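With the hints as your guide, set chains B and C onto chain A.
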Amino acid sequence: MNAESWNLLLRIGLITTAGLSIAAGLISLVLGTVIGIFRVSPVGPLRVLASGYVEFFRNIPLLICLAFIFYGLPKAGITFPIFEAGVIGLSVYTAAFVAEVVRAGLQSIGHGQIEAGRALGLSYIQMLRLVLLPQVFGMVIPPLGTVFIALVKNTSVASAIVVPELMYQAEVIAGRYFYPNVFLIAGFMYLIITLPLALLVNVMEKRSQIGHRR
Amino acid sequence: MQQGMTRSRFRMSEDRQALLGALILIALLPFLFGMIPIKGLLTLLPVAWWPALGLTVENAEALQIAVANWKPFLEWGTWRFLALGLAMTVAVSLVSIVLSLPLATLAALARLSSHSYVRWPTIAGIEIIRAFPVLILIFYVFTQFSRVAEVTGSSLLKSNNVTLAVIIALTLYTTVVNAETIRAGILSLDKGQTEAARSLGLSYAQALRLVILPQTFRRILPPLIAQFVTLVKDTSLGAIIGLLELYHRGQILYQYYRNPLETLWVVAVIYFLVNYALGQSAQRIERRFSGSRRIASQVSLEP
Amino acid sequence: MKVWRLLMVGIVIAGLLAACTAPPAGTSGSTGKAMPKAADGTLLRKIQDRGKIVVGVKYDVPMFGLLNPTSNKVEGFDVDVAKEIAAAIFGNPDAIEYKEAVSKNRIPFLQDGTVDLVISTMTVNAEREGQIDFSNVYYLAGQSLLVPKASAIASINDLAGKKVGTAKGSTSEQNIRKMAPKADVQLFDGYAEAVAAMDAGRLDAVTTDDNILIGFQAKEPNKWKLVGGQFTKEPYGIGIAKGHPETVEMVNKVLADLKKSGKWKELYKKNIPTTPPEPPIDNWRQIVGQ
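Protein chains in written order, with my numbering: chain A, 1 to 214; chain B, 1001 to 1303; chain C, 2001 to 2290.
Don't take every hint at face value.
Claimed, not checked - Below are the DSS-like pairs computed for lysine-lysine, each with C-alpha atoms no more than 30 Å apart in a straight line:
hint, chain 1, residue 1, chain 2, residue 2
1, C, Lys2259, B, Lys1071
2, C, Lys2242, C, Lys2083
3, C, Lys2219, B, Lys1071
4, C, Lys2099, C, Lys2233
5, A, Lys206, B, Lys1071
6, C, Lys2073, C, Lys2168
7, C, Lys2223, B, Lys1039
8, C, Lys2168, C, Lys2149
9, C, Lys2259, C, Lys2242
10, C, Lys2242, C, Lys2225
11, C, Lys2073, C, Lys2083
12, C, Lys2223, C, Lys2163
13, C, Lys2223, B, Lys1071
14, C, Lys2233, C, Lys2269
15, B, Lys1071, C, Lys2260
16, C, Lys2163, C, Lys2253
17, C, Lys2259, C, Lys2162
18, B, Lys1071, C, Lys2073
19, C, Lys2182, C, Lys2242
20, C, Lys2260, C, Lys2270
21, C, Lys2073, C, Lys2052
Source of the hints: derived by calculation from the structure; they are not laboratory data.
On a predicted model such as this, the values are computed, not experimentally measured, just so you know.
Chain A with its partners taken away, still in its complex shape (with noise of 0.2 Å):
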């Protein structure tokens, strides 16, 4: 057993994770707060297209988005490399569930600050900069640091498609020494990336529930 090439093996897995983390995490960011604020807009089809796609990706494996993207489009000649394949189904499939949650902190605020707004004849655009997103932001991040830790577990679903991650090396090393405890090991590296997000969304949960005491 080589230790060396085995700890080689472990450290690109995590490092490869973290990027797919951080990558898919940002894009699904922007790509689910989009979607939340049309899910939520006046404009009837992009209400219906937004809440479609929520629909449609929370109801489907991410197996599935990863398949459909690196071996369904090159037939479509569309050939992404292997690690933005990995990327982009995490955040095709991630944005669906960080919508929900921007759909749900907008919904959240009362109807009085809107009629507020508009009383100060802000526009539906600025009412959403200047009044509505700030708030938002601050009540979505616990949630959104949820979604975010199931990200980073998700991103070991992209070892099916030889995204070179922790998971992937994982099987690397238990085919090739035998080692099935390789397995604990990776559990335990994942459980090391998510602590501290999960920390801060206890951190963040109880700040937001002393904010609201009255």
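Here is chains B and C on its own, set in the frame of chain A:
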């Protein structure tokens, strides 16, 4: 806010909007990725018109490829093949959630226990398993299986039983998630209820069995169904170790017919329809019990 | 809520369909001469008294051991060898109970007596010989390369910088890393997935034992070709639990008859779409030069 901000003519319920939107999206995908080539379809027009429409022989070939790719879905055998996978998916999900309920109830009670030597190990166990990716759990259980089998010679484990490994891994994961739901359900009940039951002379166990748990389960039915949707999606991960469920059968189809776009689209639509129906039933139940205080369904966020 | 009800009906129908799938067909009568009973207490005697032989075969390897989804029967070269053995023991080629033997469980299967024989594309090597006994070599495979028809790759020396796919945890992975260290090796959950990735233009070659690759090539001869010959030697043997010399002897006799009578080539032709070579020699050490 939605009603407040909209002045449009769309007066549909939110559910209907989402369903309509999803169906539109599903219908658009084949056109977006050339599974139904529009230019190819136009080549069905008389050849004399082709130059005017900018059509070439290539477009006609694209149509032929598309027809070949969709052809398997005109055959009854293909649907039977997929139906067997759907049956496996539903069966594995059902068994896992049913097995998880008693375990989750025990775990929830242990977590609420007043003895710290029961409470803390339970909390640690729940948090660790919850932090593991489901795929890792599946692989770990699967690999431990063949080891346990070698040591004990158990014939149930020995056959490298993929189905059993997936069920155990999913049951474990679902147990910790449901334990949290059940705990929240118990906590949401009025404290007075337990006290009232106790003052009637019921023991703690009797109070649990007769008063607390029945009410809890009625309340947590919607989040349990939401968790079932998650399970149906998670079962697809079993494909990676060879479980012959819906997604894996889809893989076998596209590996055979070389039509990954079309097959994955069909399989995605099947998952969508099943899970959408489950979600709807969760909402109906939620509405039926809306008189009582309820726990919001969690957004299911697993693969 | 009609949709919902319709779906429930759909799921129930799917369940019924699953339940209705016919179990594998039982033995069908075909007569021949049974061999005389072996000595008491031997494995062979146990098999004879039971009236059928339990054989572990692959269910997912085309041409060797494949569960045919339309007939629900296993078929392939390995299965036909099993039938020859059953015919020799009982005079009835169908006196067999098949068990699915995957790479991970087949040796434990023999050790705990779940199966009598394992005929599942199993390479004989010194490590495995420590755990179980093997018959003489009955098939010689070797690792090779499957590439697109128009590919310029002609041998293992052309793989530098190329994307080569194979399965996770396979010996093929270790071999290709050793023999083509500059190749970009990508690991999939199975060979069919790797070929699907090559079909999507994501790989330059897929590598594993040639008998597996021939299956893919035969299915799509206009798409793929095999190149590079056999750059490893994988002599297949029939696995038998340790300590049953009479059974090994019996199996070896059947194999010798197969090879000598020309029946071996017949079975090859029946299952494998290439010209049959000469049957392999008996001794695996001679083949791999150990």
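Query raised in the report: Does the structure break any of the earlier hints, and which numbers would those be?
Result: 1, 5, 10, 15, 16, 17, 19
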